[in-house]
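Q: If you want the building blocks of each chain, they are given just below.
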Amino acid sequence: MTNNKKLSTEGLNLYFSEKHILKDVAIGIPQNKITALIGPSGCGKTTLLRTFNRLHDLLDYVKITGKVMIDDTNIYDPKISAVEIRKRIGMVFQKPNPFPKNIYDNIAYGLKVNNTDPYRIPQLVEQSLRESFLWDEVKDELKKPAIQLSGGQQQRLCIARAVALRPEVILMDEPCSALDPFSSLKIEDLIRELRKSYTVVIVTHNMQQAQRLSDYTAFMYLGQLIEFGTTKEIFNNPQHDLTKNYVTGHFG
Amino acid sequence: MKKFINYLNWSMLAGSTIIVCLFLIVILIELFSKGLPAITIDFIFKYPSEGMTKGGIFPAIIGTVLVTLLTTAFAVPFGIACAIYLGEYAGNSRTTRLIRAAIRNLSGIPSIIYGLFGLALFVQAMRLGTSLFSAGLTLGLLSLPYIITTTEESLKRVPTTTREAALAVGATQFEMIKDVVLPVALPDILTGIVLTLSRAAGETAPILFTGVTFYTSGLPGSVTQEFMALPYHLYILSTQHQSVEQVRPLAYGTAVVLISVVFILNLVAFYMRYKRRRYD
Ligand SMILES: Nc1ncnc2c1ncn2[C@@H]1O[C@H](COP(=O)(O)OP(=O)(O)OP(=O)(O)O)[C@@H](O)[C@H]1O
Ligand SMILES: [Mg+2]
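Protein chains in written order, with the UniProt record's numbering: chain A, 1 to 252; chain B, 1 to 280.
Hints were generated in silico from the structure; no laboratory data involved. As the structure is a computational prediction, the values presented were derived from the model and not from experiment. Hints are supplied without guarantee of correctness; some may be wrong.
Said to hold, decoys possible - Taking lysine-lysine and the DSSO-like style, the derived pairs with C-alpha atoms no more than 30 Å apart in a straight line are:
id, chain 1, residue 1, chain 2, residue 2
1, A, Lys112, B, Lys275
2, A, Lys95, B, Lys178
3, A, Lys87, A, Lys67
Unchecked claim - In silico negatives: residues of chain B with every beta carbon more than 12 Å from chain A:
id, residue
4, Thr17
5, Ala171
6, Met176
7, Val180
We put the CB at the ideal spot given by N, CA and C, even for glycine.
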């Protein structure tokens, strides 16, 4: 792993009240690569993802210690605002959460708060809807409330919303869990496309997807980062028994 | 035996419901049968005349509308601002919990106390005199705790996932509140406001010492003047008039108008809630 590290953590610990959730996590996520985050349910994948864009700030019972960096910037530096960090790090959530606005405004809103030139917004909305393979389905009803879309369409809208902002990093929490296999493959194409200019971190429970898509894979278990390496190494030659059992499906 | 107890339970619940409904129906029938005949175009649009034994209640209707508008102007902006601060910014410390409890208790204070407080503060200390302005401020004070509480609750019902969606695209907390949280909560907030105002419009005690009067020869030309109001007019007609029996139909007519105003406001609130449910 000779690449630049885009995101990294050192000695990261996270507590929800007294519950120790992330335990001494040290990871360096390479720039312009796709990194898959795998591990059993409840092991802390979502929690780790949310430390990167400071979404835990909303809860007053969370305690975070250790270092979390984007490039050479400490994400939790008190001099840096969470808003600034979130403008650089986009996120697609585990459950689709479109704004209670129409389809067009769902994407335009993010562009507006990021001070995009208003004349460019319509074009960027269309582009990001095309990229997330939603354009053909919605191009005639852009003013329809987004909640009237199907679950899978909503998730693609949320992907379009994140992609439209062209952040440096995109965090994706099981973006395909609500999608049919065909749209999943298309989203994978999009993510591969994104890698050219962005760093992508994707949580997935689908081992095939992790292998098809990612350059690097991190395996987490009970809040610890057990193993991190190229996807080839993790799936073909895991060093750790836990990893081996998990990727071969002998888990439990 | 079990069946019998079930039946007994059911009949007691059903019986109580029927009794309550019956009361309501009797009150409405009584009011409308005696009040409706008094309601004519003249009754709505004319001034009272001949010692209030003839004529209409026009100035009282306008007075109630004006004082409610003033109440809205005072209570709604402050109430919403307070609720946003308490619900979105203040967090959940011991102090904010204390403030919340205090606000909740304020809504339990009898309205006559607000009347006395308004007399002491607005009429006397601030030298606003007995006027529309003082009465509007007093009713505004009375309405504030309700508006703050219902607004804060409406804000709380906006799901975290929706808030996170806004923050994740780089919205500031203020942008999130303004562009996402408030629009979602608005129908609920408006419902609370309308119900609160319909309560304020029917109050007598808070305006009693602060601005209402039993007769004016014209409409209030400015907020510094006294005004007539429906609930107080009703009170005068039914207890203070020298020939109470003679003006009874007028009292019932006034009651019907007052009830209709409150009822229409409630319908508006109901409609907003209904529309909101369909949208979800
Ligand atoms: N807001 C919260 N408050 C308290 N505990 C939480 C909170 N969010 C998550 N947890 C706990 O933290 C642990 C890790 O949760 P997390 O959501 O990160 O798991 P995950 O790896 O994403 O699981 P899944 O694959 O099911 O999505 C769980 O034990 C969960 O109960
Ligand atoms: Mg998760």
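Q: Compare the structure with each hint and give your call.
A: Hint by hint, here is what the structure shows:
{"no.": "1", "hint": "Lys112(A) / Lys275(B)", "result": "holds, 29 Å"}
{"no.": "2", "hint": "Lys95(A) / Lys178(B)", "result": "holds, 23 Å"}
{"no.": "3", "hint": "Lys87(A) / Lys67(A)", "result": "holds, 20 Å"}
{"no.": "4", "hint": "Thr17", "result": "holds, 36 Å"}
{"no.": "5", "hint": "Ala171", "result": "violated, 5 Å"}
{"no.": "6", "hint": "Met176", "result": "violated, 9 Å"}
{"no.": "7", "hint": "Val180", "result": "violated, 6 Å"}
Comparing the model with each earlier hint shows violations of hints 5, 6, 7; every other hint is respected.
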